[in-house]
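There are 2 protein chains.
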Amino acid sequence: MIYVSYEEAVARMEKGLRKYLPEQEAHHFAEIFAGNSFDGVHSHGMNRYPRYLGDMASGLCDAKVTRAEKVSGLGGLEVWDAHFGVGPLIAEQAAMRAVELAKEHGIACVALRNNSHWLRAGRYGLMMADAGMAGICFTNTCMNLTAYGVKTPSVGNNPITFALPREKGSLVMDMAVSQYAYGKLEIMAQKGETLDSPVGYDTKGELSCDPGEICRSGLMLPMAKWKGSALSIMIDLMSSMLSLGRTALTIGKPSDGEAGMSQVYICMNPAAVIDMDAAQAQMEETIEFLNGLEPADGGSGVHAPGQNLERTREKHRREGIPVAEATWEKILAAGE
Amino acid sequence: MIYVSYEEAVARMEKGLRKYLPEQEAHHFAEIFAGNSFDGVHSHGMNRYPRYLGDMASGLCDAKVTRAEKVSGLGGLEVWDAHFGVGPLIAEQAAMRAVELAKEHGIACVALRNNSHWLRAGRYGLMMADAGMAGICFTNTCMNLTAYGVKTPSVGNNPITFALPREKGSLVMDMAVSQYAYGKLEIMAQKGETLDSPVGYDTKGELSCDPGEICRSGLMLPMAKWKGSALSIMIDLMSSMLSLGRTALTIGKPSDGEAGMSQVYICMNPAAVIDMDAAQAQMEETIEFLNGLEPADGGSGVHAPGQNLERTREKHRREGIPVAEATWEKILAAGE
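In order, the protein sequences belong to chains A and B. Start counting the first sequence at 40; every next residue gets the next number (the working numbering). Start counting the second sequence at 40; every next residue gets the next number (the working numbering).
One should not assume that every hint holds.
Pairs involving identical chains hold if they fit within one copy or between any two copies, as the list cannot separate such chains.
[Unchecked claim] Calculated pairs, DSS-like style, for lysine-lysine (alpha carbon to alpha carbon, straight line, at most 25 Å):
(1) K190 / K264
(2) K109 / K292
(3) K223 / K264
(4) K58 / K223
(5) K264 / K142
(6) K142 / K109
(7) K58 / K243
These are calculated hints, taken from the structure and not from any lab test. Remember, it's a predicted structure, so these values are computed and weren't measured experimentally.
Can you build the whole structure from these sequences, using the hints too?
The structure is reproduced here in structure tokens:
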């Protein structure tokens, strides 16, 4: 693991992105990769950069498209088409369009079809919350999990994010429907760890606590048995219906390449309808209560989702952002 | 267990409710209790009737209030106050107000403060879906779970529902943030069953697979470790912020009586922005795919959430609704 400053990370990644994108877009896309890692979401930050460059090289993601196009709308509800363009750039556009609409209509939803991978769900919730809004965003993805009740890749590890404005720094929950990401299982396997309960099937089709076996089978289950499975199916069906976009079934298997996701960006404007000072005060009471509880089993207790974000940023500002050496080498090579 | 027809259940419960409510409201509230059981959601149907009568008798629920009052609004976002009135009647009003607003604004949200228990979350999502809308509803509740990381009642077993219109019968996911309800754990304990993984703490503060012990301690954990815990906290903070209503902390512990919840009813109007025939067709493709997968381990495979609702209704139409004898006796006694 090496440590790089946010500024250096942006500058290096921008170089590689300039092969596909105009200067401004390349710079901002580099900021998104670096920013997600800066916020501590390493799984959806700089480590995804080599793969995203590959997707732009292969055409799976169309680098010529950096803005979505409006398809239809009524009041606060609009459908947009991303035309397989640059996922995170278009996702930011969708989130900010929802903010703009919520200012006028109180609540808004941008349903976006055919977007490429948006990297980190929480980013778009945070953008809304930083604009004073409450946000709910979700996306579908390819069939990279097995639904509860079968042993076949059949549902997506769909993330959902809830975000809220807070004076001391916005709150954000960013949660996919599996207990662990495959990336996390891989790390556990490298360390020789076993799981405390089975989260998928091994290559023989048996429920397994062996993270390496679950990675090899590709048969990870959603979290919480039937509950995560149901949530995955409903996110898929709702996002594809509202946008008239692809379902997990039409996006396909991970090996098909993950292209053309359906995404939903819901944005609500609390300051237009309630006293935000009073709302902030009672939110702080809950956070103080949770933070004040005695930790169980030597842990760190309870924090509100996203509450430690500023601390993580401060640490990365001071020490640099940790990046795997292999990833950093790819970043440098891509910029040459 | 005895079996009663929907009509008889409504007639009997209406009698007891007439002590608190005018004729029309009593009849409809009886339909809600019976209807939830008719739909197979026994945990939030007729078995809750004795307790709800008790709450109206004690004044925890104010039976004089059967309609909410509008507090404020901008476009599709409105805040209403239920003034501790009759939960499910007011919840239906809120859901239908959201439908009305979504017809005009494309998307709407009614944020409702101070409502009594709404019984079954899925009911309000289904109402929206049956009106051709996509719905997302959630509520907070009292601190009846221990947050992940502590051993103190501190977060609520908050339900969230996603619903979608479907020609063959609306889809609905109705999911609280714990793996099991306390009522389910009680039934497992009576049968002498043990859990396959710990879902809470025993009375000595140790993680436990003993459902009876977890009921006694009152220290059930949210599902999926930190994930269910985070979802619970965000549902609580978002519903209380948008409505400027109570948080789990101010609603209190279960022993305080569960009064004055904060609820969110989000409603989206897909037919206004996309081709619903095309959306229905691609939804059916996914449902057919899921239904066609080979079941694992002798189970029943995968269905879309709510897909079996009509089958359950047909069974109850044919055989009657199963009710515990003790519950039915209380229903009869309350009507005398």
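Taking the hints in turn, this is what the structure says about them:
1. K190 / K264: The answer is both: 13 Å in one copy and 24 Å across copies each meet 25 Å.
2. K109 / K292: neither (28 Å within a copy, 48 Å between copies)
3. K223 / K264: Close inside one copy (19 Å) and across copies (15 Å); limit 25 Å.
4. K58 / K223: neither (31 Å within a copy, 58 Å between copies)
5. K264 / K142: neither (39 Å within a copy, 36 Å between copies)
6. K142 / K109: For K142 and K109, both the intra-copy (19 Å) and inter-copy (20 Å) Cα distances are at most 25 Å.
7. K58 / K243: For K58 and K243, the Cα distance exceeds 25 Å both inside one copy (44 Å) and across copies (62 Å).
Figure legend: structure checked against the earlier numbered hints; hints not met, in rising order: 2, 4, 5 and 7.
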